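Residue strings, one per chain:
2 protein chains.
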Amino acid sequence: KNEENPGSELPKVNAAPAVDLAAWLEELPPTMAQAQLLALALPRRTETFSYLQPNMQLALARRLDRRDLVEIVTQMSADDRADLFNHLTPEEQQRLLRGLAREEREDIRRLSAYAEGTAGAIMTSDYATLAADMTAHEAIELLRRKAPEKETIYRSYILDCERRLIGSIRLHELILAAADTRIEEIMDHAPVSVALDSDQEKVAQLIARYDLLALPVVDKGGRLVGIVTHDDAADAMQAETTEDFQKIATVRPFSQSVREASMGVLYRKRIFWLVLLVFGNLFSGAGIAFFEETILAYVSLVFFLPLLIDSSGNAGSQSATLMVRALATGDVALKDWRNLILRELLIALALGATMALVVFPVGLLRGGSEIALVVGLTMLLVVIIGSLAGMSLPFLLSRLRLDPATASAPLVTTISDAVGVLVYFWIATAMLSL
Amino acid sequence: KNEENPGSELPKVNAAPAVDLAAWLEELPPTMAQAQLLALALPRRTETFSYLQPNMQLALARRLDRRDLVEIVTQMSADDRADLFNHLTPEEQQRLLRGLAREEREDIRRLSAYAEGTAGAIMTSDYATLAADMTAHEAIELLRRKAPEKETIYRSYILDCERRLIGSIRLHELILAAADTRIEEIMDHAPVSVALDSDQEKVAQLIARYDLLALPVVDKGGRLVGIVTHDDAADAMQAETTEDFQKIATVRPFSQSVREASMGVLYRKRIFWLVLLVFGNLFSGAGIAFFEETILAYVSLVFFLPLLIDSSGNAGSQSATLMVRALATGDVALKDWRNLILRELLIALALGATMALVVFPVGLLRGGSEIALVVGLTMLLVVIIGSLAGMSLPFLLSRLRLDPATASAPLVTTISDAVGVLVYFWIATAMLSL
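Protein chains in written order, with the working numbering: chain C, 1199 to 1632; chain U, 1199 to 1632.
Treat the hints as calculated values from the structure; they're not laboratory data.
Be a bit skeptical, because a hint or two may be false.
If chains are identical, the list can't say which one is meant, so a pair holds when it fits in one copy or spans any two.
[To be verified] Listed below are the simulated SDA-like cross-link pairs for lysine to any residue, each with C-alpha atoms no more than 25 Å apart in a straight line:
1. 1418 <-> 1232
2. 1467 <-> 1273
3. 1400 <-> 1287
4. 1418 <-> 1248
5. 1533 <-> 1625
6. 1533 <-> 1376
7. 1418 <-> 1629
8. 1467 <-> 1260
9. 1344 <-> 1276
10. 1344 <-> 1244
11. 1533 <-> 1459
12. 1400 <-> 1288
13. 1418 <-> 1492
14. 1344 <-> 1568
15. 1467 <-> 1583
16. 1533 <-> 1357
17. 1344 <-> 1566
18. 1533 <-> 1224
19. 1533 <-> 1251
20. 1467 <-> 1536
21. 1533 <-> 1616
22. 1344 <-> 1371
23. 1533 <-> 1262
24. 1418 <-> 1408
25. 1467 <-> 1578
26. 1533 <-> 1403
27. 1344 <-> 1470
28. 1400 <-> 1214
29. 1344 <-> 1454
30. 1400 <-> 1438
Predicted, not measured: the structure shown is a model, and the values here were computed from it.
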């Protein structure tokens, strides 16, 4: 196909990896990108198309005539195909399905049906299967014939007559074995697998734990329905981690690139929690209003207000963020809360005591020994309260089956602030005998 | 070896994956763990040992007699071996080196010499190489003989006579090719590679971008010195991300499990920034002290203080965290700052205006129209200031070659607080004509 259109193609196009080619196409206006894409030979055209961002894929899918689109889509890997399909309008989906062979049609319908964030949604049906009674030689010959279609042949799966997963074997084990060895003698009889509705975070954790290239996905009857490859699991994990960062900063999750997100999207994702936390902060305000007389009598107390409530919030953010991350990586589980809360109390005690010592001389300088005592004691208490609240909130959310990352630093800060204001002025009112 | 000691081994030991076996050994007292480890047959013993946590490896390495230790260490993959070596004391290193063959000895010395966080530190020397003029058949035969030693043979590297990397080829390409095809006809002539001192984050980004199983590492002369496998890159990336979470919450980075970290470690990692930020907060206090008369005249202004400074900090944390993550994943680069700052200004304007509208009626209720105007205007300004500061700080740090993740939410909050206090009382003093 290259010969049809030699002038419009840049020299680097022939040598560059498909992912770089895709990045280059995305900089072009759609008409030119379309021309450049069609100028590529077919397997390379599909590979490049698969690497384009969803928006660009969609724009091109809508411009291409059906014959060209079907040609590309037929060759795409099953999971990429299902992803593209999910982005199309119902009419476009029908138009596309009409052009595909029955096998691809059913595969798309099946793969696009699983809930986002599950193993089913990120698995692919491009895997190689073998029978237990084949010899190593027969297996290699079969893989040679099938290899070009399959996303990975480095591990093959062994199924019984009802498609139940009974083993797996790696390509180099087949190559190393004597030609007449039967697969069942050398296969791994207990391959790790996950259920269709397993969380994608768990999939990525298992792949990392067992250093796998791919993880098989089975239905309730133990039948193999797909595999999740290590690169797709890594992409899913990276997206989940970015979501955790967003949530920790009270940005509602969005999957676009920050660089390319529109102002409207960023505004909507950020304003929700900002406004919600304003109402949370009114509690702090109410606490202050309640103690207005104390403030008028000792206006120097206001000097320490930002310092005390910020310190409480900072200690709480530390604990909350450590726990959010530990829960996400599997370092800590729900049941560990009991063991960790006592340790947290002791650490918070040490942190609070240190900070009380730091702030005490400032209190002496600004307001005398009584104020210094009030400020020091408040510091000790609010650091403990902030730490315990920050540590517990992610567990509580997890227990309620909510995402622990919702225990954002600003949320913990707002809670700590309200409690801190009350503790501060309550101690002041009591100790300064007002 | 299993027959020597059949009674002390649990039934599950024979079937379980090595990583699970390692987790089980870690729950045992060292004496029993040692006995169980030595009861395993050799390739499995080494694999299990490789999966143990550094502390446990070290404890066992110190208990085992030299012959047993050397037997295990000789079979370990080159990178795991170098890691263990780096944890030993100089005397133990010498004791171990004396037991090893010359080849392993030099390999350890070389791999353990690279700075942490670089490609050199996480690469392994277990890779397969081929010559360009071999046939596919010769190559497969060579790999069959070498395979048991190599961590991955799914991609082989083609070197010229001076060990310069001139190509790479995948195992299935060799298997699919006709037996007499010469490697140079089918190899990839421009394999992606990195330099020895490349950041491990960049290594992980390249592996993800090009969907690689391993990335070759070359020295300044283009000679192949090692490969980084996808699982080691993923582990390194996960550790870097956990570090980013820690830094964002002003916890100084530590690599241990949060669940297993001692109280002393957690105290030390957390107290540094908490105390530093206390001094930062004294600026807010100083601002308040400067405007004490305004506060005495309009004590209801204090009601809005936590709300205004928190909102500024929250908006700033959002921007900072989004940028820290985008810089870490490569979504945003240093040069993008110019393009993003204008967008940020417009978004912050919209956010600030919305929040001013939310807080205005509260101002009316609590203090009348003048206070409401002061509070609304302050809100608009501090949200803009917080957002711009939060967005710019990670870029500034990155520009100064510091880690952008140091632009933690609490640091941004403290800066925003100090500016917010000044803006608030300055506007109040001006508008309430004090």
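Exercise. Quick one: residue 1533 to residue 1403, C-alpha cut-off 25 Å, is that within a copy, between copies, both, or neither?
Worked result: within (19 Å within a copy, 34 Å between copies)
Problem set entry | Same-copy or cross-copy closeness of residue 1533 to residue 1459 [CA-CA at most 25 Å] | So residue 1533 and residue 1459 pass the 25 Å test across copies only (17 Å; inside, 39 Å).
Exercise. Are the CA atoms of residue 1533 and residue 1616 at most 25 Å apart within a copy, between copies, both, or neither?
Worked result: This pair counts as neither: shortest intra-copy Cα distance 29 Å, inter-copy 40 Å.
Problem set entry | Alpha-carbon proximity between residue 1467 and residue 1578, which holds within one copy, between copies, both or neither at 25 Å | between (36 Å within a copy, 18 Å between copies)
Exercise. Is it within, between, both, or neither for residue 1533 and residue 1376, if the alpha carbons may be no more than 25 Å apart?
Worked result: Neither: 49 Å inside a copy, 57 Å across copies.
Exercise. Can you tell me if residue 1533 and residue 1224 fall within 25 Å by alpha carbon in one copy, between copies, both or neither?
Worked result: between (47 Å within a copy, 19 Å between copies)
For this session: Using 25 Å as the alpha carbon limit, work out where residue 1533 and residue 1357 are close: within a copy, between copies, both or neither.
Result: This pair counts as neither: shortest intra-copy Cα distance 37 Å, inter-copy 53 Å.
Problem set entry | Homo-oligomer pair classification [residue 1276, residue 1344; C-alpha up to 25 Å] | within (15 Å within a copy, 34 Å between copies)
Problem set entry | Alpha-carbon proximity context of residue 1533 and residue 1625, limit 25 Å | So residue 1533 and residue 1625 fail the 25 Å test inside a copy (35 Å) and across (51 Å) alike.
Exercise. Is the C-alpha distance from residue 1418 to residue 1492 at most 25 Å within one copy, between copies, in both cases, or in neither?
Worked result: neither (66 Å within a copy, 70 Å between copies)
For this session: Can you give me the call for residue 1533 and residue 1262, within, between, both or neither, at a CA distance of at most 25 Å?
Result: Neither way: residue 1533 and residue 1262 sit 54 Å apart in one copy and 35 Å across, limit 25 Å.
For this session: Could you figure out if residue 1467 and residue 1583 sit no more than 25 Å apart (CA to CA) within one copy, between two copies, both or neither?
Result: Intra 30 Å, inter 19 Å, cutoff 25 Å: inter-copy only.
When the structure is compared with the earlier hints, violations turn up for hints 1, 2, 3, 4, 5, 6, 7, 8, 12, 13, 14, 16, 17, 21, 23, 27 and 29 and for no others.
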